[in-house]
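Engineer: The residues making up each chain are set out below.
Protein chains: 2
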Amino acid sequence: MSFDPESLVYDDRGLIPCIAQQEGTGEVLMMAWMNAESVAKTLETRRVTYWSRSRKSFWIKGETSGHTQELVDLRLDCDRDCLLAVVRQTGAACHTNRRSCFYTSVSSGNEIELMKPMAD
Amino acid sequence: MSFDPESLVYDDRGLIPCIAQQEGTGEVLMMAWMNAESVAKTLETRRVTYWSRSRKSFWIKGETSGHTQELVDLRLDCDRDCLLAVVRQTGAACHTNRRSCFYTSVSSGNEIELMKPMAD
Chain A
1 MSFDPESLVY DDRGLIPCIA QQEGTGEVLM MAWMNAESVA KTLETRRVTY
51 WSRSRKSFWI KGETSGHTQE LVDLRLDCDR DCLLAVVRQT GAACHTNRRS
101 CFYTSVSSGN EIELMKPMAD
Chain B
1 MSFDPESLVY DDRGLIPCIA QQEGTGEVLM MAWMNAESVA KTLETRRVTY
51 WSRSRKSFWI KGETSGHTQE LVDLRLDCDR DCLLAVVRQT GAACHTNRRS
101 CFYTSVSSGN EIELMKPMAD
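Residue numbers (our numbering), protein chains in the order written: chain A, 1 to 120; chain B, 1 to 120.
These aren't lab readings, by the way, just hints derived from the structure by calculation. The reader is advised that the hints may include incorrect statements.
Identical copies go unnamed one by one, so any copy, or any two together, can satisfy a pair.
Said to hold, decoys possible - Think about it this way: if two alpha-carbon atoms lie no more than 25 Å apart in a straight line, the pair counts; the simulated DMTMM-like pairs of lysine to aspartate or glutamate are: (1) 56 / 113; (2) 41 / 113; (3) 56 / 37; (4) 116 / 81; (5) 41 / 4; (6) 56 / 81; (7) 41 / 23; (8) 116 / 23.
Next up, chain A with everything else stripped away, as it sits in the complex:
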């Protein structure tokens, strides 16, 4: 069955969430948003390209920081309203320079920092 980005289910802003996961380790790196055109660009270029809600523009991950995400596999869920991008992440995925955005754990009612920023 051929894939059409328009066949995904987008929210009322025309966006779909995309989870980025590191190939091999399975680490969940981040979650950001795509529109139909950024889904198409990601598949064409194999460079993960989100839609920046704040800047209202395409966000080619790592274009300025060098912390790129090379697409290994793009998957969709059963409801076609969420994407999973399996990627090869260069450096930190998080803007805080941590490998993953999910560096805070809730433990016994407290927030615990699980990882430090990476060395430059």
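Mind docking chain B on chain A? Use the hints.
Structural biologist: Coordinates of chain B only, in the frame set by chain A:
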């Protein structure tokens, strides 16, 4: 720093996306939504409890199917607008009886089924 579910960033429906990931294997199982009260319930009961947008009610994962998610760790991202639940999944996470909802891959412009429904 003590954790308050109200300190998370919810969308205009009062919801935050939550990614469920299998402990150990790192497999991404599904993504669903929580409100502040379901975050609190999840932490209290250690049973992952989403908010069903269609039924407009709490959705204790596996309550009818038996395919429960036992909470191992709840994490939040840098923007506090996405959650990652590390879980022990019993059986299938997906309503199609597949282990993960992300069973469809986009490959060379086609949709490929990566996994079959689990045996009952």
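Engineer: Now tell me, hint by hint, if it's right for this structure.
Structural biologist: A quick look at each hint next to the structure:
no.: 1; hint: 56 / 113; verdict: neither (31 Å within a copy, 33 Å between copies)
no.: 2; hint: 41 / 113; verdict: between (34 Å within a copy, 22 Å between copies)
no.: 3; hint: 56 / 37; verdict: within (13 Å within a copy, 31 Å between copies)
no.: 4; hint: 116 / 81; verdict: between (32 Å within a copy, 20 Å between copies)
no.: 5; hint: 41 / 4; verdict: within (12 Å within a copy, 38 Å between copies)
no.: 6; hint: 56 / 81; verdict: both (20 Å within a copy, 18 Å between copies)
no.: 7; hint: 41 / 23; verdict: within (20 Å within a copy, 32 Å between copies)
no.: 8; hint: 116 / 23; verdict: both (21 Å within a copy, 21 Å between copies)
Consistency with the previously given hints fails for number 1 only.
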